[in-house]
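K.L.:
Single-letter residue listing:
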Amino acid sequence: MPEPAPIDAVDRAIIDRLQGGFPISERPYAQVAGWLGIDEGELLERLGRLLATRVLTRFGPMFQVERMGGAFVLAAMAVPESDWLRVRAIVDSLPEVAHNYRRESDRNSAFNMWFVLATESAAGIAAAIGRIEERSGLPVFAFPKLREYFVEMKLAVRT
Amino acid sequence: MSQPLDDIDRRLVLATQGGLPLVARPYHQLAEQLGVSPAELMARLQRMLGNGIIRRIGAVPNHYAIGYTANGMSVWDVPDEVIDELGNRVGELDFVTHCYHRPRRLPEWPYNLFAMVHGGSRDEVLRQVAEIARLLGPACRAHDVLFSTEILKKTGLRIGG
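Sequence order for the protein chains is A and B.
Quick note: the first sequence uses our numbering, first residue 1, plus one each step.
Quick note: the second sequence uses our numbering, first residue 1001, plus one each step.
One or more hints might be untrue.
Listed below are the simulated EDC-like cross-link pairs for lysine to aspartate or glutamate, each with C-alpha atoms no more than 20 Å apart in a straight line [as the list claims (entries may be wrong)]: (1) A:145 - B:1081; (2) A:145 - B:1007; (3) A:145 - A:120; (4) B:1154 - A:134; (5) A:145 - B:1006; (6) B:1153 - A:92; (7) B:1153 - A:133; (8) B:1154 - A:39; (9) B:1153 - A:83; (10) A:145 - B:1040; (11) B:1153 - A:39; (12) A:145 - B:1080; (13) A:145 - B:1092; (14) A:145 - B:1085; (15) B:1153 - A:104; (16) B:1154 - A:106; (17) B:1154 - A:40; (18) A:145 - B:1032; (19) B:1154 - A:92; (20) A:145 - A:66.
For each label pair, taking beta carbons as the anchor points, the in silico distance ranges come out as [stated by the list, open to error]: (21) A:106 - B:1106: 33 to 41 Å; (22) A:20 - B:1032: 43 to 51 Å; (23) B:1120 - A:8: 41 to 49 Å; (24) A:16 - B:1155: 35 to 43 Å; (25) A:40 - B:1108: 49 to 57 Å; (26) B:1135 - A:45: 27 to 35 Å.
Treat the hints as calculated values from the structure; they're not laboratory data.
Here the structure is a predicted model, which is why all the values come from computation and not from measurement.
By construction, the Cβ of each residue, glycine as well, lies at the ideal position given by its N, Cα and C atoms.
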């Protein structure tokens, strides 16, 4: 893993304060800057930098695709090491792949590539899986959620 | 539960799924782009927040960059009859950010309860996983924890244009 970019106390306060609840108002950044005791220009500059250095991966509305008639499905593959780069390129290139992680366990989990498919219609999931299987020649295992018990980003900045 | 978007909502999703504009009046800029009034644009966002189409508006930190260098997807095989009760209790633990019931894929995959755990080190995550194991007790028949060793892609939702 690359070393994360260094952040200071103001950056930490911004990230902690802005994991949700960004206002819908005429001057939302000015409002948030007021909460944090900095000015609007500084907040905008810092957000731009945090995004550019990938400390933040996004800033904006988080959509729940299921509520729009779409689907969001976790899927996994068992990718042989010798074939890793080829399969990774295929999976990452699909716009339906919202994120993709390499995962490994001490128990040698059956699957080592885990990704999330987000599509505008439920049928889009099967189509995306079909494309990945066809291009990679490997099976894709879908893990649609049957029930959600808890979802919340609730991690305070620790660095 | 789900409701199709009208044309303006759809264009609003397309315009903001990559992020909000970093300008003093972001909603005014979006309104102009979409050809609606700022008041209408803000009312639409408010409605989408209200009905859950938008979960929240804010920043998504890279976990690694904010000190959570280890994240484990803990997975558990528990009886289907008790999974709802157990899933709710696991979801209440403060280090669990996501907790779901998902299907088993036998024979490769016997696990049906997924709980994402974040910590500052692999050891911390393993201690948290041990805490989940204690909570589940004998209801847990097998478990594993998959550590993310590389982020290959993280763009979030992108619907087509």
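K.L.:
State for each hint whether it applies.
P.N.:
Hint check:
no.	hint	result
1	A:145 - B:1081	holds, 17 Å
2	A:145 - B:1007	violated, 29 Å
3	A:145 - A:120	holds, 17 Å
4	B:1154 - A:134	violated, 23 Å
5	A:145 - B:1006	violated, 27 Å
6	B:1153 - A:92	holds, 6 Å
7	B:1153 - A:133	holds, 19 Å
8	B:1154 - A:39	violated, 30 Å
9	B:1153 - A:83	holds, 18 Å
10	A:145 - B:1040	violated, 34 Å
11	B:1153 - A:39	violated, 33 Å
12	A:145 - B:1080	holds, 14 Å
13	A:145 - B:1092	holds, 18 Å
14	A:145 - B:1085	holds, 16 Å
15	B:1153 - A:104	holds, 16 Å
16	B:1154 - A:106	violated, 25 Å
17	B:1154 - A:40	violated, 28 Å
18	A:145 - B:1032	violated, 38 Å
19	B:1154 - A:92	holds, 9 Å
20	A:145 - A:66	holds, 11 Å
21	A:106 - B:1106: 33 to 41 Å	violated, 21 Å
22	A:20 - B:1032: 43 to 51 Å	violated, 26 Å
23	B:1120 - A:8: 41 to 49 Å	violated, 19 Å
24	A:16 - B:1155: 35 to 43 Å	violated, 24 Å
25	A:40 - B:1108: 49 to 57 Å	holds, 52 Å
26	B:1135 - A:45: 27 to 35 Å	violated, 44 Å
In terms of the numbered hints stated before, the structure departs from hints 2, 4, 5, 8, 10, 11, 16, 17, 18, 21, 22, 23, 24 and 26, listed from lowest to highest.
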